[in-house]
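Participant: Model the placement of chain L on the given structure of chain X, informed by the hints.
So the protein lines, in turn, are chains X and L.
Numbering (this note's numbering) for the first sequence: 1 to 660.
Numbering (this note's numbering) for the second sequence: 1 to 660.
A couple of the hints might just be wrong.
What the hints assert, rightly or not - Listed next, the in silico DSS-like pairs over lysine-lysine satisfying Cα-Cα at most 30 Å (straight line):
| # | chain 1 | residue 1 | chain 2 | residue 2 |
| --- | --- | --- | --- | --- |
| 1 | X | K330 | L | K330 |
| 2 | X | K636 | L | K213 |
| 3 | X | K350 | X | K29 |
| 4 | X | K29 | X | K541 |
| 5 | L | K654 | X | K241 |
| 6 | L | K654 | X | K73 |
| 7 | X | K241 | X | K198 |
| 8 | L | K73 | X | K659 |
| 9 | L | K637 | L | K651 |
| 10 | X | K350 | X | K437 |
| 11 | X | K499 | L | K592 |
| 12 | X | K213 | L | K654 |
| 13 | L | K499 | X | K330 |
As the list claims (entries may be wrong) - Residues from chain L that face chain X, not an exhaustive set, calculated with beta carbons under 8 Å:
| # | residue |
| --- | --- |
| 14 | S55 |
| 15 | M216 |
| 16 | G227 |
| 17 | F230 |
| 18 | Q325 |
Rather than coming from a laboratory, the hints here were simulated on the basis of the structure.
Only a predicted model underlies this, so the values are computations on that prediction, with no experimental measurement involved.
By construction, the Cβ of each residue, glycine as well, lies at the ideal position given by its N, Cα and C atoms.
One letter stands for each residue in the lines below.
Protein chains: 2
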Amino acid sequence: MNPDISRERENASFNLEILTNILDGGAEKTRRRREIESLVIGDPDFQHEDLNFLSRSERYDAAVRKSAQMILKLREYGISDPEEIYFYKSCVHRGRPEPLDLHLGMFLPTLLNQSSPAQLEAFFMPAWNLEIIGTYAQTEMGHGTHIRGLETTATYNPSTQEFVLNSPTISSIKWWPGGLGKTSNHAIVLAQLYTQGKCHGLHAFITPIRCMKTHMPLPGVVVGDIGPKFGFDEVDNGYLKLENVRIPRENMLMKYAKVEPDGTYVKPPSDKLTYGTMVFIRSMIVGESARALSKSCTIAIRYSAVRHQSELRPGEPEPQVLDYQTQQYKLFPLLAAAYAFHFVGQYMSKTYHRISGDINQGDFSEMPELHALSAGLKAFTTWVANAGIEVCRMSCGGHGYSRCSSLPDIYVTFTPTCTYEGENTVMMLQTARYLVKSYKQARAGQQLTGTVSYLNEPQSRIQPHSVSSRTTVVNINDLASLVEAYKFRAAKLVEMAAKNLQAELQHSRSNEDAWNNSSIDLVRASDAHCHYVVVKLFAAKLSEIGDTAVHSVLSTLALLYALHGVAHNSGDFLQAGLLSVPQLAQISQRLKGLLSELRPNAVALVDAFDYRDEMLNSALGRYDGNVYEHMFEWAKKSPLNHTEVHESQHKYLKPLRSKL
Amino acid sequence: MNPDISRERENASFNLEILTNILDGGAEKTRRRREIESLVIGDPDFQHEDLNFLSRSERYDAAVRKSAQMILKLREYGISDPEEIYFYKSCVHRGRPEPLDLHLGMFLPTLLNQSSPAQLEAFFMPAWNLEIIGTYAQTEMGHGTHIRGLETTATYNPSTQEFVLNSPTISSIKWWPGGLGKTSNHAIVLAQLYTQGKCHGLHAFITPIRCMKTHMPLPGVVVGDIGPKFGFDEVDNGYLKLENVRIPRENMLMKYAKVEPDGTYVKPPSDKLTYGTMVFIRSMIVGESARALSKSCTIAIRYSAVRHQSELRPGEPEPQVLDYQTQQYKLFPLLAAAYAFHFVGQYMSKTYHRISGDINQGDFSEMPELHALSAGLKAFTTWVANAGIEVCRMSCGGHGYSRCSSLPDIYVTFTPTCTYEGENTVMMLQTARYLVKSYKQARAGQQLTGTVSYLNEPQSRIQPHSVSSRTTVVNINDLASLVEAYKFRAAKLVEMAAKNLQAELQHSRSNEDAWNNSSIDLVRASDAHCHYVVVKLFAAKLSEIGDTAVHSVLSTLALLYALHGVAHNSGDFLQAGLLSVPQLAQISQRLKGLLSELRPNAVALVDAFDYRDEMLNSALGRYDGNVYEHMFEWAKKSPLNHTEVHESQHKYLKPLRSKL
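Only chain X is shown next, with the shape it has when bound in the complex (with noise of 0.2 Å):
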C-alpha cells in the first residue's frame, strides 16, 4: 500500500460503510453487490487479456463469449431481479455495453409488452432460449430524433397475407440498433404501415434478418456492421436495408394496433401505453451519469493523492498534487456532483416505480410532470458528467491520456448518453414546453402541483430589483436559502423565456418559428430548472441521514455543489437580484474554505463509492496507490513490444538510409 493515500484514509472523519450502505440504499443491498460482484471477478470464465491489446473482432469476440457464459449463469444462480441482473451484467462487461444488450433490453421486453397472445406463444420462447437473437430497428441514416420521419415502409397485400418491407431511399436505411451488424438474426423494424391505400403511421415488425440455420443474410435483406466508432468496440452497431422483404401478417406486433387479414387497420386504443418506457431508459441514464462521474473522480482523486508534483515550500519534498488548490476546484465540484446526482438517480428511480404503479391502474395524472423531469434530468446530468469526465482526466497530467488509465474509455462509453434515448437539446426542450405551460396555467390560476410548484409563487419576490434596493435573501452558508435562490433563478428563467416566446409570437410566421426564435432562452430555462431540482433534492437527502459524521461531510459537500453552480452562472443571480456584489466575492472566499473543508475527506469520499479495482480497471485509480509499477506493467505487454524490433525498420528505415 502506497503510504500517502493510506495516511489519506486514516484522515477520514466518517465511517465509510455508512455511506456506502446509503449509496446502495441499505445495507442488506450493499451485501449483496459485493456477493455478486465476487461471483463474476472469481469466475475464470469472465478473464480475458485486457481488451485494449485486442483487435475490435477480437474484443466483439471476447464480449460475444462473455455475454453468452453470462446468461447461462444467470439462469444457473436464478439471478432475475432486475437490478441484481444489473450488477452481474456490468461486472462481466466492466461497464461497457455489449453484443446481446438490445436482445435483452428492448427485444425481449417489446415481445412481451406488445405481442399478442399467439405472438407470445410463437416468438417469446425461442427468443428467451436465443434460438432468435433480436434487436430494436428504429433509427435510419437519415433519421434519428423526429421519429415520425422515419421512411421504412411496410405494405400490406392481402392476397397473400404478408407485408413487403422497403428501405426507399438510402437515408432510410436502418442505421445504429445494437447487435444488428453481426449478432442478430432477428429484428423489430419500426416502419410506416400502409394497408388498403393508407399510411397508419409507425408499427412495429417482427422480421427475419438472417437464416435460422446458417445465420446468413435472407434474400432481400442487407445487413452489417456501420464501422468503428468512439467507443462501442464490443458492439456491432449495425445497418439494415430491406429490398421486398416479405413477413407474415402475424409478425406486426398485434396487442393494440392490428391488421386484419383483408387489410382493414385497427387503432391501438391509446398512445401513452408505450410512454412509460422511455421515462424509465431516460431514468436510468440519470445513475449512469452518477457512476460515470463517481469512477471518473475515484481514479482522479486516488492518483492526485499519490502523484507528487513541483514545490509548494522550497526545501520541502513535492506536495500531493491534491494539495493544490486548483487541483481542489477541478476535482472537488464534480465530487459534489456525482453524490448529488447519485442521490437524483435514487429519487427517480423511487419515483419511476411509484408513478407506474399508479400508470398501470389508468391514473396518468403524474406522468407529464416524471416526462419532462426525466427528459430535462437527462439532459443535464449527462452535459455535466460529460464534460467532467474528461476535467478528471485532464486533471491526471498525461498519464490520463493512456488508456492504463482507464478515463479515454470510460469517456468514450459515456457520451453516447448525451445523444441517445433523445438528444440532450431536444430534451431541454420538451422539458421547456412543460415549463412554458405550467408558467401559463399558473398565471391563469391554477394550482401547480411537483417540482414546478414554485411558478405559482407571489411574482413580486421574482421581480428584478437593482441590488442596492432590496434586502439580500440568499444566506450563502445555508443550504436551504441557496434552495431558494435556485427556486427564484429558475421562476425568473422561465419567465423570461415564456414572455420572450410571447413576445416572438407577435412577429413570427406560425407558433413553431416563435418557438424555434426562443429556444435559446427555453434551455436555458430548462437548464435552471433542473439544477434547482438538483440542488433540491441533494438538500432533501441530507434530512435522511441519521450518522452525524456523515451528515456532516454530504452536508459541505451539498453546499460546495450549491455554492458552486451559483458562482459559475454569477450574471442569472445577480440578474434576478438574488445576490449582491458583495455576496460574490464572499462565495469565493467560501468556496476555498469549503474545499480546505473537504480535502482530508476526499480519498475516503471516493472510496465510499466501493468500486472494485477489477472495475475500475485503471493503473491511477488503484486502491493501494501503487500506480507506477502497474503502469510500467501494464505497458510491457502493449502488442507493439511482442517484439523487440518491429517490422517496419527493416521494411522502411533501413532501405532509407542508403537512398539518403
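Facilitator: Showing chain L alone in chain X's frame:
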C-alpha cells in the same frame, strides 16, 4: 453535389478566395499551399487504407512507411522552408502526429542548437541521414511539469571519461517521448549531472539506446512502447529505463555547459538561451487550436446544412438542422472563435519572429511579455478548442460518434495540447505571475508596455460601482467599446487576484502557500487577460481588411465572439459594473440577431478555411454534401464485414442454444 449545400454557397455575400488569402497570409501563400497539397494527395506513395480499419501495429507501420517516403521526397523536391515542410507533413499524415516527429522537431534542432562544433561534426550528418534516429527524453513516469524534479542521473567517471546513466527509481523511468518505443536508436536524455561529488542540475546527453545494426536494445537499456492511448496510435510513445549505461564524455551536449575531462564543471553563460523554443512551440499550438476548431466547424456546419430533422412548420418538409437557433448557438460562436484563434496565431507567430530577432541581438526585454502571453494563450485557446470540438461532434447527433465523421480523431489528436508543452493550469499561473508583477509595477508608478499596459490606466474607471450610480461604459453594438469592457474586466480581476494574494500573505506560512491559496483567482485573472487579448486582436485584424464584403462578415463574427463571451461571463461584467441588468437582456436579443445574420454565410465561412476532403477525411464534412452515400460505402469496408458470419456465432452462440 447535394442541392442544399449548393444553395448555401449561392447565398454567400462575399468572395471566398479573398478570405482564404487572408487566412493563408496572402494569395501567393494560398497558391503554394494548394500546390503542396496536390503534390501529396496525388502521390500514389502516400495512399493507404482508412486508418480506422487498421490495428495499431498496422497504423504505426503505415506511418513509418509514409514518413520515410516523405523524407525522401522533401529532399527530392528541395522543400526546405519550415512552413512548407509543415504543409507537406500535415498533408502526408493528414494532421496526425507521426513516429519521426521528435527526430525532426526536437532531436535535430537540439543537436543544432546545443552541440559543440565537434559534436555537430560527429552527430549531425548521421542524424540528418537517419542513420541516427533520435528522440528527446525528458518526461519521466513520476515527473512532468516540474522538470527540476527529474530523477535520472548522469554521473561522470573521470577514470574512464564516461558518464554513467541510471534510472534510480521506477518513477524515474523516461515515459512518453514520441518515437522512443520502437523507432529511435538514440535519445537525448535529460538527466541530473553529477561530477566531482556534486549535482549540477539538468543537462542533456546523447544516449545510444539501440544497436545501429540490429536495432536491438543496448546492454542496460530497457526500452519499449508505453501502450495504447486515447489517440496518437501512429506514434510509439516509449519508456526508457537506464541501468548503468555508459556513454563517452563527448556525448553531453556541450555548447554551453561543459564537463572537462578531469570532471570539472563549467557553467553555461546564460539560462535564457533555451527559452525561445518553448515560446515558439506554444505559439504554434495557438495555431493548432484554430486548425482543430476550424476543421470541426467545417464538418459540423456542412453536415448541419444537409441534415434535415423534425418539423419546424407543420406540413412543410423537415428543415435543415442549421436552421435551428440552438444549433446556430452551438456552432456559430465556435466558428467565430476559430477565426479569432487563427488571427491570434498569426499575431503570435509574427511577434515571435520579430522578438527572436531581438534575442539573437542579445535583447531579451520583450521576452517576459511574450513568454507570459504564449503560455496563457496556449491554455486559453486549447481549452476552448478542446471543448469546442466535442460540441461540434455532438451537434452532429449519433453520426458524429462514428469514426467516419473524423471528429473523434480530431479530438483525440488535439486534446493532448491541453497537457503537453506546459499543462494548461500551470500555464495560466505563469501568466498570472507576470500579471501580478506588472500590477505591482503599475501601482509603483512604473510605465508598462505591451498587452498589460492597461494596468497603468486610472483605477477610478475600474472601481466597482453600483450599477445604478454610473453611466454605462459599454455600447453592445460597438466592438471597440466591447474591447474596452474586456480590458476593464481583466484589470478588475487582476486587481482582485493581486489583492487576495496580498491578504493571503498576511496569514500564510509562506509566499508559496499564499500563492496556492490564491490560485483560483489567479487563473481567473489570466483567463480574463487572455480573453481580452483575443478580442482585441480580432478587432485589430478587421482594420487590415480592405474588401468591404469580407470586412462586413468578419465584423459580424467578431461582434458575435465578443458578445457571446460577455453573455457567458456576465457575472464578471456585472460585478465590475461594466454592464447593467437591462443590457444583459439586450445582449441576448442581439446575439440571436447575429446568429440570423451569419446563417446565410455559414457554409461559405467554413469553405473559406479551404480544407480539401482528403484532409478532413470526414463523410459528414464532405464538400459535395453527399453524406449518406459515403457513410454507407465506408461502413461496408469495416473489418467486421469482411465475412458475412462472424466466427463468434459458431463458437459461442450456437453452442449456447443447446444448453438452454
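Participant: Next, verify each hint and record whether it holds.
Facilitator: Hints and how they fare:
1. X:K330 - L:K330: 24 Å, holds
2. X:K636 - L:K213: Given pair X:K636, L:K213 holds - Cα atoms ~24 Å apart, limit 30 Å.
3. X:K350 - X:K29: 15 Å, holds
4. X:K29 - X:K541: 18 Å, holds
5. L:K654 - X:K241: At roughly 25 Å apart (the allowed maximum being 30 Å), X:K241 and L:K654 satisfy the hint.
6. L:K654 - X:K73: Holds, at roughly 16 Å.
7. X:K241 - X:K198: This hinted pair holds, its Cα atoms lying about 23 Å apart.
8. L:K73 - X:K659: 11 Å, holds
9. L:K637 - L:K651: 24 Å, holds
10. X:K350 - X:K437: 26 Å, holds
11. X:K499 - L:K592: 16 Å, holds
12. X:K213 - L:K654: Status holds; Cα separation ~9 Å.
13. L:K499 - X:K330: 23 Å, holds
14. S55: It holds, given that the least Cβ distance between L:S55 and chain X is near 5 Å, below 8 Å.
15. M216: Result: holds, 6 Å to nearest chain X Cβ.
16. G227: Constraint on L:G227 satisfied, holds at 4 Å.
17. F230: With a closest approach of 4 Å, the L:F230 hint holds.
18. Q325: 5 Å, holds
Checked against the numbered hints listed earlier, the structure breaks none of them; every hint is satisfied.
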